[in-house]
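Given only the sequences and the hints, what does the whole structure look like? Please build it.
Chains as they are written, first to last, in our numbering: chain A, 1 to 297; chain B, 1 to 297.
Hints listed in this document are in silico derivations from the structure and should not be mistaken for laboratory results.
There could be a bad hint or two in this list.
If chains are identical, the list can't say which one is meant, so a pair holds when it fits in one copy or spans any two.
Keeping only pairs whose Cα atoms sit at most 20 Å apart, straight-line, the calculated EDC-like set for lysine to aspartate or glutamate is [unchecked claim]:
1) Lys105 / Glu127
2) Lys2 / Asp31
3) Lys236 / Asp73
4) Lys2 / Glu59
5) Lys131 / Glu156
6) Lys2 / Glu292
7) Lys131 / Asp164
There are 2 protein chains.
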Amino acid sequence: MKLIEAVPNFSEGRRSEVIERIMDVFYAQDDCTVLDYHADADHNRLVVTVLGEPESVCEACFSAAGQAAELIDMREHQGSHPRIGATDVVPLIPIEDVSMKDCVKMAEELGARIADELEIPVYLYEEAARKPHRRRLENIRRGEYEGLVEAISEPERRPDFGPDEVHPSAGATVVGARQALIAYNVYLRTDDLSVARQIARDVRESSGGLVNVKAIGLEVEGEGVQVSMNLTDFRKTPIHRVYEFIKREARHCGVGVYRSEIVGLVPREALLAAARYYLNLDGFAPDEQVLERRLQD
Amino acid sequence: MKLIEAVPNFSEGRRSEVIERIMDVFYAQDDCTVLDYHADADHNRLVVTVLGEPESVCEACFSAAGQAAELIDMREHQGSHPRIGATDVVPLIPIEDVSMKDCVKMAEELGARIADELEIPVYLYEEAARKPHRRRLENIRRGEYEGLVEAISEPERRPDFGPDEVHPSAGATVVGARQALIAYNVYLRTDDLSVARQIARDVRESSGGLVNVKAIGLEVEGEGVQVSMNLTDFRKTPIHRVYEFIKREARHCGVGVYRSEIVGLVPREALLAAARYYLNLDGFAPDEQVLERRLQD
Chain A
1 MKLIEAVPNF
11 SEGRRSEVIE
21 RIMDVFYAQD
31 DCTVLDYHAD
41 ADHNRLVVTV
51 LGEPESVCEA
61 CFSAAGQAAE
71 LIDMREHQGS
81 HPRIGATDVV
91 PLIPIEDVSM
101 KDCVKMAEEL
111 GARIADELEI
121 PVYLYEEAAR
131 KPHRRRLENI
141 RRGEYEGLVE
151 AISEPERRPD
161 FGPDEVHPSA
171 GATVVGARQA
181 LIAYNVYLRT
191 DDLSVARQIA
201 RDVRESSGGL
211 VNVKAIGLEV
221 EGEGVQVSMN
231 LTDFRKTPIH
241 RVYEFIKREA
251 RHCGVGVYRS
261 EIVGLVPREA
271 LLAAARYYLN
281 LDGFAPDEQV
291 LERRLQD
Chain B
1 MKLIEAVPNF
11 SEGRRSEVIE
21 RIMDVFYAQD
31 DCTVLDYHAD
41 ADHNRLVVTV
51 LGEPESVCEA
61 CFSAAGQAAE
71 LIDMREHQGS
81 HPRIGATDVV
91 PLIPIEDVSM
101 KDCVKMAEEL
111 GARIADELEI
121 PVYLYEEAAR
131 KPHRRRLENI
141 RRGEYEGLVE
151 AISEPERRPD
161 FGPDEVHPSA
171 GATVVGARQA
181 LIAYNVYLRT
191 DDLSVARQIA
201 RDVRESSGGL
211 VNVKAIGLEV
221 EGEGVQVSMN
231 LTDFRKTPIH
241 RVYEFIKREA
251 RHCGVGVYRS
261 EIVGLVPREA
271 LLAAARYYLN
281 LDGFAPDEQV
291 LERRLQD
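This is the structure in structure tokens:
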């Protein structure tokens, strides 16, 4: 079954009637399940996580963007989180039987539709970016809504789709595709925070470790210390490689690893990959051999 | 989603029109997927593997038993495989969100229905057995159809449901519940078959090893030797425990293990259990945390 996740962010975290009307769009959509939503009054922002068939998820995101454009006025919006539009950003994430390339195509179609039908300028980001500096969301959001009103006419700030001016109330929207994030923590058998911090530095991309890994060392009340991570591309840098890396570095420091944890959601594929690795399951074909997959023919 | 597997066996492996009419029952059933079927002329037997929602799978098995009773006459049946009826045996297997207890109850209901509506005597076996010696299929099938015609009137051979005499054409049927089997092989880095045989003896239940494991040592053309196994209850005796056991014994023999393989189908749960074990994923809750599971709320 084809499945994608979307995590649309809307610039409303305070007025419950607006939040409800946006959420109703997602609840009303067939073949699309709301996994989570979080409204933050300080950020004045609503973050929704939905999972479902690609067309349904994109349809729901489009309809919700329409609702947000009607109900939110960026000229009056205030909040501590950076934003450029009523529907601020919509990342699409491949989950099952969908490639990143497919998600990029969906992001392009969704973006074009938001631009055409809602007359909102749209920027493509991350994997869907058409200009290298637009891979990073913070570059697109520079100056936020207020700054973009003027800056949008500069050649390098022109949107990928839609008008060369911000929508007066809805602002602009960023649409893109990215990999699923996995929040993954490994616990060490020591109370020495400096060891967790050292291993975090060893493992993370930014200081010379594994690509697609962000890591910090943390103290956890009653549980010693942990290496707390975000894995940003589990297909390329799988959980088990990260775990074995940390075990090896911990051993080098004379410290044991006694458990790990996944915080929140994880695509099934990430765990099947670990099973294949540890069991040395050569030639295993999940599509053919996992019993439940055969239902989906 | 609730899922069970059934592997009904019918006493027809030669007449293609009969095989087709039985298979048509399964193909016509909604929410029920045929994973495999195999007709063997020598055995004169058809083995069907279906997966789906419990009610649908049981409905299909019942309808197919009706077809088999009409189309197969045990008085004329000959074949090398032991059998007592047109629908010889129907094991039900819990796959997802279904307990063994649920499957036992379904086996009882299916058995009672075959007895009541088709007037075929039914025996319950394996996990569904009501008498200890009926756990083993060979005890129920002793004397086969021909012997059972007379023996069925003996108190200890009386069926669990239905008449105390065999159905003249359809014979008798065995219905039950069992765990999914996993066919699992581990390859050793040696050509010495005696090592594979020794490790097979060490690991299998029958010679003092792990329960729920059947094992033999085999030579594999071009691949050295393997320990070839059936795991008969992967929930109690999981794949990773078997793999680690064999790795340890192989090391003891001075031999390496370089790969393993699952032959045919495996329930997803068996692989998730391996991932949890090797990653030391304490407190992981698949129902809550596996993204795709959330779709099924």
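Taking the hints in turn, this is what the structure says about them:
1. Lys105 / Glu127: Answer is within; shortest intra-copy Cα gap is 10 Å, inter-copy 51 Å.
2. Lys2 / Asp31: both (11 Å within a copy, 18 Å between copies)
3. Lys236 / Asp73: Classified as neither: same-chain Cα gap 41 Å, cross-chain 58 Å, threshold 20 Å.
4. Lys2 / Glu59: within (15 Å within a copy, 29 Å between copies)
5. Lys131 / Glu156: within (9 Å within a copy, 80 Å between copies)
6. Lys2 / Glu292: both (14 Å within a copy, 11 Å between copies)
7. Lys131 / Asp164: within (17 Å within a copy, 80 Å between copies)
Consistency note: the structure conflicts with earlier hint 3 alone.
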